[in-house]
Structure formats: C-alpha cells, structure tokens
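All chains should be built: construct the whole structure from the sequences, respecting the hints.
Read top to bottom, the protein sequences are chains A and B.
All residue numbers for the first sequence refer to this note's numbering, where the first residue is 2 and numbers rise by one.
All residue numbers for the second sequence refer to this note's numbering, where the first residue is 81 and numbers rise by one.
It should be emphasised that the hints constitute simulated quantities derived from the structure, not laboratory data.
From the three backbone atoms N, C-alpha and C, an ideal C-beta is built for every residue, glycine too.
Worth double-checking, as some hints may not be accurate.
What the hints assert, rightly or not - Just so you have them, the derived chain A footprint on chain B, three or more residues with Cβ under 8 Å: (1) 182-194; (2) 349-362; (3) 375-385.
Residues per chain, in single letters:
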Amino acid sequence: MAVSPLVLPGAAEKGGPTAKSKLQSAAASSNGTPNAAQSSTEVNDVAEQMNEDEKAKYVKGKKLGEGTYANVYLGHISSSPSSLVAIKKIKVQQQYTEGMAPDAIRELKFLQELSHPNIISLISVFSSKDQNINLVLEFLPMGDLEMLIKDTSGVRYGMADIKAWMGMLSRAVWFCHENFVLHRDIKPNNLLIAADGEVKLADFGLARSFSDPYRLMTSTVITIWYRPPELLFGARQYSGAVDVWSVGLVFAELVIRVPYLQGINEVDQIAKLCMGVGTPTEENWPGVSKLPDYTVPAPPSPVMGIDHYLSMFGTVGQEGVDLLMKMLIMDPRRRITARQVLEHGWWSSDPRATKNEDLPKKGGGESKVAEDLGRRPGMVDDERAGKVARKLDFGGMR
Amino acid sequence: MSPKSIALVDNPMDDMCPICKSTRYLNKGIKFLINPECYHRMCSTCVDRIFTAGPASCPVPLCGKTLRKRGFKPAFFADLGIEREVDIRKRVGQVFNRRQEEFETLLDYNDYLQDTEDLIFDLVNGMAKEKLQAEEKLKAYRAMNLQEIEDNKRAGLEEADYERRKETAEKEAARQRRLKLIREQEEGKMDVEKSRRDMLERLANTDEDPTAITRQAQKVILKKSSARRNLTDSSSDPNGGLPLDSSLSIRGLKKKVAPIAEEAYDPFGGINLTPTRYVLNDEYENEWLNGIKTDTRILAGGYSLPEYYARTMFEAFSGLGVFINDEVGPKAKPEVRIKKEVEIDDDVF
Numbered sequence: 002m003a004v005s006p007l008v009l010p011g012a013a014e015k016g017g018p019t020a021k022s023k024l025q026s027a028a029a030s031s032n033g034t035p036n037a038a039q040s041s042t043e044v045n046d047v048a049e050q051m052n053e054d055e056k057a058k059y060v061k062g063k064k065l066g067e068g069t070y071a072n073v074y075l076g077h078i079s080s081s082p083s084s085l086v087a088i089k090k091i092k093v094q095q096q097y098t099e100g101m102a103p104d105a106i107r108e109l110k111f112l113q114e115l116s117h118p119n120i121i122s123l124i125s126v127f128s129s130k131d132q133n134i135n136l137v138l139e140f141l142p143m144g145d146l147e148m149l150i151k152d153t154s155g156v157r158y159g160m161a162d163i164k165a166w167m168g169m170l171s172r173a174v175w176f177c178h179e180n181f182v183l184h185r186d187i188k189p190n191n192l193l194i195a196a197d198g199e200v201k202l203a204d205f206g207l208a209r210s211f212s213d214p215y216r217l218m219t220s221t222v223i224t225i226w227y228r229p230p231e232l233l234f235g236a237r238q239y240s241g242a243v244d245v246w247s248v249g250l251v252f253a254e255l256v257i258r259v260p261y262l263q264g265i266n267e268v269d270q271i272a273k274l275c276m277g278v279g280t281p282t283e284e285n286w287p288g289v290s291k292l293p294d295y296t297v298p299a300p301p302s303p304v305m306g307i308d309h310y311l312s313m314f315g316t317v318g319q320e321g322v323d324l325l326m327k328m329l330i331m332d333p334r335r336r337i338t339a340r341q342v343l344e345h346g347w348w349s350s351d352p353r354a355t356k357n358e359d360l361p362k363k364g365g366g367e368s369k370v371a372e373d374l375g376r377r378p379g380m381v382d383d384e385r386a387g388k389v390a391r392k393l394d395f396g397g398m399r
Numbered sequence: 081m082s083p084k085s086i087a088l089v090d091n092p093m094d095d096m097c098p099i100c101k102s103t104r105y106l107n108k109g110i111k112f113l114i115n116p117e118c119y120h121r122m123c124s125t126c127v128d129r130i131f132t133a134g135p136a137s138c139p140v141p142l143c144g145k146t147l148r149k150r151g152f153k154p155a156f157f158a159d160l161g162i163e164r165e166v167d168i169r170k171r172v173g174q175v176f177n178r179r180q181e182e183f184e185t186l187l188d189y190n191d192y193l194q195d196t197e198d199l200i201f202d203l204v205n206g207m208a209k210e211k212l213q214a215e216e217k218l219k220a221y222r223a224m225n226l227q228e229i230e231d232n233k234r235a236g237l238e239e240a241d242y243e244r245r246k247e248t249a250e251k252e253a254a255r256q257r258r259l260k261l262i263r264e265q266e267e268g269k270m271d272v273e274k275s276r277r278d279m280l281e282r283l284a285n286t287d288e289d290p291t292a293i294t295r296q297a298q299k300v301i302l303k304k305s306s307a308r309r310n311l312t313d314s315s316s317d318p319n320g321g322l323p324l325d326s327s328l329s330i331r332g333l334k335k336k337v338a339p340i341a342e343e344a345y346d347p348f349g350g351i352n353l354t355p356t357r358y359v360l361n362d363e364y365e366n367e368w369l370n371g372i373k374t375d376t377r378i379l380a381g382g383y384s385l386p387e388y389y390a391r392t393m394f395e396a397f398s399g400l401g402v403f404i405n406d407e408v409g410p411k412a413k414p415e416v417r418i419k420k421e422v423e424i425d426d427d428v429f
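Structure representation (structure tokens):
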C-alpha cells in the first residue's frame with residue numbers, strides 16, 4: 002500500500018529519518034532485498050546488522066509503565082536527546098510462544114501503512130536481544146480524551162471544542178476505512194492528544210483489513226460500551242459501520258461526559274442499548290432476527306426520536322444532533338459511513354471548530370501515556386468497570 | 081419615583097423650583113429639568129416661560145450661559161454632579177471608543193484606559209484651564225481618528241445587533257420545537273383514539289376471535305406511532321429550521337473579530353482519496369457475490385459489498401503508474417517493497 006497510486010501526496014518523501022527507518026525495519030523483518038551498499042554475504046547477518054543499527058538509533062529511558070501486554074518506556078533519538086519517543090516493548094506472551102502475539106502483528110501491520118496526522122505514527126521497529134518486539138511510537142504527552150471527559154470539575158469545553166475533536170477522530174476513522182482498515186477499538190482512551198492539541202487514534206491491536214466476501218470475522222471486538230448492536234448479536238460479517246457506531250458513542254460521551262451506554266456484560270449492554278437507542282426489530286432493521294445471538298428484552302421499546310436526543314445532546318445544536326442520530330442508526334446498512342460523516346453539514350455550521358492550540362487541555366503526564374499504550378486492546382480499565390480482570394502495575398515507576 | 085421621594089426627606093429645597101419658587105405642595109405635577117450646559121435645575125413651567133421664545137441666558141444669578149429649550153432634559157440622578165459626570169463620560173466614550181482587540185498587549189490597553197480616565201477627571205473636576213485643555217485634546221483626537229471612531233461605533237452596534245438577533249432566533253427555534261411537539265402529541269392521541277374506535281367497531285360488528293382483534297389493533301397502534309416517529313425524524317431537516325448558532329456558551333469563547341482570511345473548515349483535512357486512475361461503480365456483476373446479495377444474515381450484519389469493491393479495485397490498480405526508476409534514480413535508494421504477508425486468520429480470536 003505504501004507504493005500505490007492512492008498514497009497521499011507527499012507521503013513518499015515525508016520526513017527523512019522516519020520514512021527511511023520504516024523502510025529499513027521493514028526490510029529487516031521481511032527478508033527484503035539486501036541493501037545495495039552492503040555486500041550480500043549472508044542474509045541473516047545483514048538483517049541482524051540492520052536491526053542493530055536501528056536499535057542504536059534510539060535510547061531507551063526510564064520505564065513509564067507496565068501492562069499485561071506491553072511495557073512502555075520513554076526514549077529519545079540518540080542523536081537528539083530532545084526528540085522524545087515512546088518505546089513500546091511487547092512482552093512475550095504465554096499463549097503465543099511461537100512467533101509474535103497477534104496484537105503486535107496487527108499493530109505493526111497497520112501502523113506501518115497508515116500515515117495521517119490523526120493517527121499515531123510508528124517511527125520504527127526493532128527487536129531487542131530476547132526477541133521482544135519494540136515499537137517506536139510518537140510520544141504524545143497530553144493524555145487522552147477520556148481524561149478530559151472525566152475531569153468534569155477541571156476541564157470545561159463547548160460545542161466548538163467537541164467539533165474539533167470529533168473532526169479529528171472522524172478524519173482518522175475515515176482515513177482507516179479509505180485504506181480498508183477496520184480499527185475495531187475506538188473509545189476515548191484510545192484517542193491520545195499530542196502536545197499541539199491534535200487528537201491521534203492509537204492502539205491498533207484489534208485492527209484488521211476489510212474482510213473478503215464469505216470470510217468470517219470475530220464478533221468479540223470493540224470495548225463493550227462502544228460495541229455496535231450487530232456485534233452484540235454475533236454478526237461475523239460486518240463493515241466499517243462498526244467503527245462509526247463507536248465514533249457516535251464517543252460523540253455522545255463528549256457531550257454528556259459520561260459513557261452513554263454502560264453495560265456490565267453483553268446481555269446488559271443489549272438492554273442498555275434498547276433503552277438508550279431503541280429495540281432492534283425486523284421493522285427498523287430487516288434481517289436482524291437472523292443474526293446468531295439475537296435476543297432482546299421483552300417489551301420492545303420504540304426507537305428514540307429527535308426530542309430525546311435534543312434534550313440530552315442539544316448542546317451541539319440541531320445539526321450536531323442530526324449527525325449523532327445518523328451515527329447511532331441501528332441497522333448498519335443505513336448507518337452513516339465515515340465519508341458521509343465528514344460530508345455532513347455540521348462541520349460547516351456555526352460555531353467553527355476550535356483551533357488546535359486553543360483546545361482545552363490537561364497535563365497528561367508520562368504515566369498516562371504508558372497506561373494508554375500498555376493497555377490490552379478491547380479492555381476498559383478495571384477502575385471504570387469492575388468486570389475487567391487485567392490490572393496495570395506501575396511498580397516500575399517511581 | 082424613589083429618588084425624588086428620598087430627596088424630599090433629605091432636603092425640602094429639592095422640591096422647589098429655584099427660579100419661580102413654586103413647590104410640589106402647590107403644583108403636584110411639577111417636573112424639574114436641567115440643561116447640560118450649566119446643570120442648573122428649574123421646573124418645566126419656567127423652561128417654557130423663559131426659553132420658548134428662543135435662546136436666552138440662564139436665569140440663575142451669575143450663570144449667564146446661553147441656553148436653548150432643546151437642550152433641557154429631566155435628570156436621571158438626583159445628584160446633579162453625578163448627572164454631569166455621566167454625561168461627560170458618555171461624550172468622551174463616544175470619541176475614545178477603542179476596543180481591547182486593537183491593542184497589542186494588555187498593558188497598552190490599560191495605559192489607554194488610564195489616559196482616558198485622566199481626561200475625564202480633568203473635564204469633571206478640573207479648573208477652567210484644565211477643562212479647556214481637555215476639551216482641546218478631545219477635539220483634536222476626534223479630528224485625527226474620525227474614521228476609526230466611526231468603525232468602532234459601527235462594530236459596537238453590530239455586536240449588539242448580533243446578540244439581539246441570536247437571542248430572537250433561539251427563542252423562535254425553541255418555540256417552533258415546542259409547537260411541533262404539541263402537534264405531534266395531539267396527532268398521536270387522535271390516531272390511537274381512532275384505532276381504538278375501529279377495534280371496538282370490529283369487535284361489535286364481526287364475529288372474529290376477539291383476542292386476535294385486540295392483539296392486531298395493539299400492533300397497528302405501535303406501528304403507526306413508530307411510523308410517525310420515522311416521519312418526523314426525516315422531516316426534521318437541520319437546514320429547515322432557523323439557524324441556531326452557538327447555543328452553547330459554557331466557556332467565555334473569544335469573539336471572532338476577523339472573519340477575513342480564515343478558510344472554511346475542511347472536515348477532510350485537505351486530503352482527497354478519490355481514486356484518480358479508475359472509476360468505482362456502485363455495483364459489479366459477479367456470480368460469486370450473488371450469495372451475499374441474497375443472504376439476509378450477511379446483509380443484516382452490515383457486510384458492505386461496496387467496501388469490498390473499493391478494496392478489490394484498489395488492489396487491482398495498485399502499483400500502476402508507479403515508476404521505480406523515478407524513485408530509485410535520483411535518490412539511489414534501494415526500493416523495498418513491503419511484501420504482503422500471509423493474511424493472519426482472524427477466526428481464532
């Protein structure tokens with residue numbers, strides 16, 4: 002994909018060291034043609050040598066945090082100590098002793114290909130001596146959207162700010178979809194904030210490319226609060242509409258500052274969905290009852306009308322509510338697509354989206370970066386929902 | 081009313097005209113007027129008497145200022161010193177009407193405010209000489225900055241006007257919404273009523289199974305209400321209503337003063353990913369895909385064939401129009417192709 006006619010103008014000649022290192026690491030990992038400058042004696046040695054070179058370009062600093070899935074270190078480029086990076090060292094996992102963990106593969110595979118201002122950029126990859134994969138990622142020090150949403154007393158924001166954040170998120174999702182990648186884990190704490198206020202979509206540990214016809218995908222993706230009804234009903238063939246639903250719920254959460262549909266398990270999530278959006282029935286979603294796990298609580302509640310949304314989310318204006326409702330249409334075929342989201346009239350209506358530098362922010366601190374990057378995909382922090390087992394251990398930092 | 085009644089308590093002289101000595105006791109409707117030339121108080125009868133014929137000098141001894149009837153007005157403040165200061169402030173404010181945005185730093189703005197305040201003090205409390213100087217300064221400043229003063233005045237008016245219009249638009253939108261809601265509720269009620277009547281009629285006139293009829297009627301009502309809801313959803317065109325701008329005012333947002341030079345917000349961030357080397361159709365015929373087009377289960381899950389078409393077409397055309405020589409030649413960099421790895425089977429997870 003990196004050498005295709007649709008690549009962004011300028012992507013090919015993008016910033017020297019970044020682009021180069023990406024290519025080299027790719028060469029190292031995929032047995033690419035050996036460098037012309039080096040005499041091709043033995044392929045393995047060349048690959049190892051390149052890996053060593055790549056590794057030497059970065060200095061690993063203190064550990065920022067530890068998760069079950071990865072450790073995150075602060076680092077910098079050897080030649081310039083002020084250029085900070087985050088180095089995510091993926092742990093060898095018990096289940097996947099042979100080869101790499103699938104999350105790591107997914108993350109690598111897609112971050113390597115997607116280059117967009119609103120998607121976290123993978124600067125380089127190398128393996129350290131114990132065969133661990135190290136991802137060198139952009140260092141995003143300002144925390145994530147969840148922090149801003151939760152800090153109701155310290156952070157205040159308005160429609161223009163929501164519009165700016167949603168614009169960046171929608172662009173990121175649109176870009177993924179245009180490049181045939183489903184993110185499958187969109188939620189506020191996967192939306193990291195760069196020093197300049199830019200929101201960046203991170204954590205591609207659950208991403209995959211669009212499925213071929215008849216090819217089944219797993220339905221247990223996306224953190225449960227942001228999971229669309231078709232996945233809750235066990236659909237194995239779905240589309241980019243799943244991400245749009247998550248975007249819609251992030252939108253709703255930005256407005257009311259609390260997750261809109263907070264189920265404790267999948268059954269409860271369906272119940273919350275029926276109450277908050279409406280009960281999916283054959284009438285509003287033809288064919289839904291054929292989905293494998295279709296069960297809805299007994300008396301069907303009607304689909305919520307615009308009055309409900311206006312009373313709850315009216316702060317984003319009529320156009321904003323209209324967009325939200327289109328994102329939360331239950332039938333994935335009628336749900337707005339990522340492209341249509343960006344074509345919606347809300348973006349051009351008043352007030353204009355806040356400029357990045359004027360967006361409200363809150364010092365995130367390094368520990369939050371580590372927490373975000375080291376989290377297991379598809380999970381919420383146990384502090385937020387009591388049901389998740391994996392704990393983060395910050396013993397390493399003090 | 082209150083200032084006058086308080087004044088009565090404080091000083092009975094306030095209720096007597098200093099010129100004709102008539103009092104409120106004798107003349108209930110007595111009204112006092114002042115002229116901003118000298119701020120001497122007199123009753124409206126005196127004003128009529130003295131100045132109707134044309135300009136005359138102030139009847140107060142030793143004043144002698146020439147006054148016109150046109151200049152007289154009722155005083156807002158009982159204390160005429162305050163009345164005078166307020167008048168002066170108004171007059172100065174119309175000339176010194178710069179806004180904070182025009183200054184580079186807050187300090188500059190504060191200095192400007194200090195200067196203005198000094199000038200006002202001279203005009204209010206200064207001796208004759210200082211007053212004269214201040215007047216001169218005011219006049220000179222007005223002459224120098226005529227254009228800018230006009231601009232700021234207009235901007236101020238526009239701002240006030242914008243606020244007013246915004247408020248009315250919001251009120252109107254809220255009213256429309258309320259009306260619509262009421263209308264819908266009434267229609268809904270009537271509908272339900274009608275269905276109920278139909279059901280009763282059917283129960284009375286036919287000999288079908290009564291439970292079946294009631295169940296069906298219930299369904300009809302439900303269906304109707306949901307249909308109506310869908311109707312209103314689609315009819316609530318966001319552009320149809322009045323423009324409801326910035327109904328959200330949580331933070332003290334900075335006013336955008338310079339609408340010039342700001343480009344329209346581009347939701348796509350300046351990126352256009354429309355394929356340039358081929359045209360993507362909405363529909364492609366392929367026997368292999370017919371299974372999907374008919375399988376409700378796949379369709380209900382939202383599987384999107386257009387997405388598949390887009391990807392297949394993209395992959396088919398990838399690499400076309402890329403000339404390796406162009407890329408290798410000048411940079412002398414080895415061309416590294418990322419080989420497509422074997423797809424990982426997603427199903428296990």
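Structure-based check of each hint:
With 0 residues having a beta carbon nearer than 8 Å to a beta carbon of chain A, the region 182-194 of chain B misses the requirement of three or more and the stated coverage is violated. Counting residues of the region 349-362 of chain B whose C-beta sits closer than 8 Å to any C-beta of chain A gives 6, which meets the bar of three, so the coverage hint holds. Taking a C-beta to C-beta cut-off of 8 Å, the region 375-385 of chain B contributes 10 residues in contact with chain A, enough for the three needed, and the coverage statement holds.
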